[in-house]
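Engineer: For reference, the chains in residue letters:
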Amino acid sequence: MNAVLFLFFQRMRVPLITLITAYAIATLGFTLIPGVDDQGEPWRMSVFEAFYVVSYTGSTIGFGEVPYPFSPAQRLWTIASIYLTVIAWLFAISTIIALLQDPTCRQVIEHARLQRSVRRIKEPFYIVCGYGDAGALLTHALSSRQQRTVVIDSDRNRIDRLIVEDLGASVPAFCMDARVPENLIEAGLQSRWCAGILAVTGSDQTNLKIAINSKLLNHRAPVYARADRRATAANMRSFGTDHVLEPGVEFCRRLRLALTAADTFRLHHWLSSGPHATLPGAEMPPQGRWVLCGYNPLGQALHQTLEDLGVDVTIIDNGAHDAKLPPGSILGRGTEAPTLEEANIHDAQAILALTHDDADNLSILITARELNPELFLAARENAGSNHPLFEAAELDFIGRPSLVVAGLILSQISTPLFQKFIDLIEAEDNEVSARLLERLGHTADAGPPLLRTVRISHRRSPAVARALDDGEEVLLDALCRDPRRRQALLPVVPLLLNRGDESWLCPGPDIALVSGDRILFAGPRSAAAQLDKLLFMDRALNYVRTGEDQPGGQLWRRRPAQSS
Amino acid sequence: MTQTGPGALTDEENGMNLGKVVFGFFVLLALTLNFGFFLGDIDNPDHHNVYELFAALVVGLIATVMKLGERSQIGAVLLASSLVVDLQLIAAAVVWVMAVHVTDVGLTPAVMASIVSLSGGALLANLLSVVLLTLETTSINR
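Quick mapping for you: the protein sequence lines, in order, are chains L and V. So the first sequence is numbered by the numbering used here: it starts at 1 and just counts up by one. So the second sequence is numbered by the numbering used here: it starts at 1 and just counts up by one.
Hints were generated in silico from the structure; no laboratory data involved. Just so we're clear, the structure is a prediction, and the values are computed from it rather than from any experiment. Take these hints with a grain of salt, some might be off.
Said to hold, decoys possible - Part of the chain L face toward chain V, derived, beta carbon under 7 angstroms:
#1 Phe6
#2 Phe9
#3 Gln10
#4 Leu16
#5 Ile20
#6 Ile25
#7 Val36
#8 Gly40
#9 Arg44
#10 Phe48
Claimed, not checked - FRET-style restraints, in silico, Cβ to Cβ:
#11 Asn44/V - Glu110/L: 56 to 64 angstroms
#12 Ser238/L - Ser72/V: 38 to 46 angstroms
#13 Thr103/V - Ile93/L: 21 to 29 angstroms
#14 Ser59/L - Leu83/V: 17 to 25 angstroms
#15 Ala91/V - Arg459/L: 56 to 64 angstroms
#16 Tyr56/L - Ser72/V: 33 to 41 angstroms
#17 Gly62/L - Leu83/V: 30 to 38 angstroms
#18 Gly64/L - His101/V: 40 to 48 angstroms
Said to hold, decoys possible - Listing some non-contacts, in silico: residues in chain L with all C-beta distances to chain V over 12 angstroms:
#19 Arg11
#20 Thr21
#21 Ala24
#22 Thr27
#23 Ser46
#24 Glu49
#25 Ala50
#26 Asp166
#27 Ala169
#28 Asn344
#29 Phe390
#30 Asp470
The C-beta atom is built at its ideal place from N, Cα and C for all residues, glycine as well.
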């Protein structure tokens, strides 16, 4: 606000001085010019009367000639002072209007307003840097979870798009360069409510700068940074960035899973692809020969992964990348039939289109499908705006780097145990995932299950903690039963139980809970309220444990304990 | 934000700067006019001219506007002292108007004394402005 005020006064200096001078001259003139009073005697205005006349004349109110009719000399001076003061006013007002329309001033006002709204946030909020595909997804998902966000993007158009979108809660959107530390501070980086910084711009260099600035300016707030290049990721990790998200590495990981443990892949992909993810189909990529178009860093990484798995790969590339093409590769764009035929597309099993151009990718796949309708088709989607095209092309798999980044960040934000769960389940057999999918799958139509971490403590689950304090045994089973009818099970699935350094995958119902345990639950949104009842209400917990429905709550139960 | 206008550090800090001349002129003129009005027997209306009060008030207002928008520490104190001057002189003018035009008491020695003492307060604030301005100027040259 101060900046606006200072700018205003700086610009208003000349008009204000002009106005004061005009009034002073007009007032002075009236006191000096002789008039005639009602008796016909010579009369001169006092300073007070003169100022009165100038005041109503200058503001064009015009009460007339007060207190006595003016002499011709006074009328002459009135004409002069009218033009003097009115022009001074016009000058002042036009300066104010020009100031309000001045882009600098509007920017300062807008900035001050945003800063105020950030300061007014009194709940944890995330700073989203970059409102591209990933940033928009994250902002929407977080807003729908009642999480506050602040958005920074240097592109005015994106900020305008955000402003007209309906996000439920107000999202302060700064149009500024997130690489500048000062701007991050303005967006609330050093606020005690800042829960994390999500650096998801399209440029590695920008993400790197945001990460290092955030780490230096507020080491408590976790940083989630996207890194497309391996060198950037290593650099980010070197100064302690909390979560580095590499879409390339993640694609390799999922490809490996898809080829080795199909159900683990389906589970992982479903749980970590944002709130609108759909469960991937059961048909999995074939093991035969693959054709890979585009030998860019992502292509190189995927090629390496496929080779490690013993899959035969033919590469098509136009040679524009620095990396040396492996022997047997075919030079060309892959968008024309001859190139694809050269790569023996007829006896290939799958084709991956990985170029940086969405139109090329689609063209490659459609041409390839015409040549060999049995192909497994997978593409990299570079811009989210092209998604309808990819959907319409009915591909077998669409790799969306922004979605992968956003999905991973969302899972990690909503529960820090998720990463541990994924690491553990990857080491397990495919069977484990298949069973989990079966248990979770019946709600698949309503989107992926909600992940939630429950902690056994007095603050997060008072009912359980009190029961444990009283020396009673609470089994994990109790938290999975319906508090309205204990015979029925809630549709929640405990995925992981963490106790100190130990973690159990898919813990059984007969594990006794201990204070300090953390349990990762997956279940539909509707189950959350029932689970809350069990965690917070003694009566509900007691009912599912013992089958007795005793009246009264905590108050009745505690009173005898206090009196004894 | 860069500082512009009088009183701020500019490239021409050692040479003549028209902005600074005008600024110093108004601050000094406010003091001298104020002093001129203040001078004389405190309760004698003949020693205190209404035009001098009027001029002191107008120049004081102009000096205030010139100090507006200064972001330096010394600029803030200058603005504050200038606002005090305006307040005191406006109070003096209001007392004058009340006595002469509103209540018909006239310029009795008691009324005149209170007007002049109010302008005396303004004089003190004006003096402070000039001292601060001088201090700032010398500190720049050092």
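Engineer: Indicate, hint by hint, whether the structure satisfies it.
Structural biologist: Evaluated hints:
no.	hint	result
1	Phe6	holds (5 angstroms)
2	Phe9	holds (4 angstroms)
3	Gln10	holds (4 angstroms)
4	Leu16	holds (4 angstroms)
5	Ile20	holds (5 angstroms)
6	Ile25	violated (9 angstroms)
7	Val36	violated (20 angstroms)
8	Gly40	violated (22 angstroms)
9	Arg44	violated (12 angstroms)
10	Phe48	holds (5 angstroms)
11	Asn44/V - Glu110/L: 56 to 64 angstroms	holds (58 angstroms)
12	Ser238/L - Ser72/V: 38 to 46 angstroms	holds (42 angstroms)
13	Thr103/V - Ile93/L: 21 to 29 angstroms	violated (37 angstroms)
14	Ser59/L - Leu83/V: 17 to 25 angstroms	holds (24 angstroms)
15	Ala91/V - Arg459/L: 56 to 64 angstroms	holds (60 angstroms)
16	Tyr56/L - Ser72/V: 33 to 41 angstroms	holds (39 angstroms)
17	Gly62/L - Leu83/V: 30 to 38 angstroms	holds (32 angstroms)
18	Gly64/L - His101/V: 40 to 48 angstroms	violated (19 angstroms)
19	Arg11	violated (8 angstroms)
20	Thr21	violated (7 angstroms)
21	Ala24	violated (4 angstroms)
22	Thr27	violated (7 angstroms)
23	Ser46	violated (7 angstroms)
24	Glu49	violated (8 angstroms)
25	Ala50	violated (9 angstroms)
26	Asp166	holds (36 angstroms)
27	Ala169	holds (32 angstroms)
28	Asn344	holds (67 angstroms)
29	Phe390	holds (48 angstroms)
30	Asp470	holds (64 angstroms)
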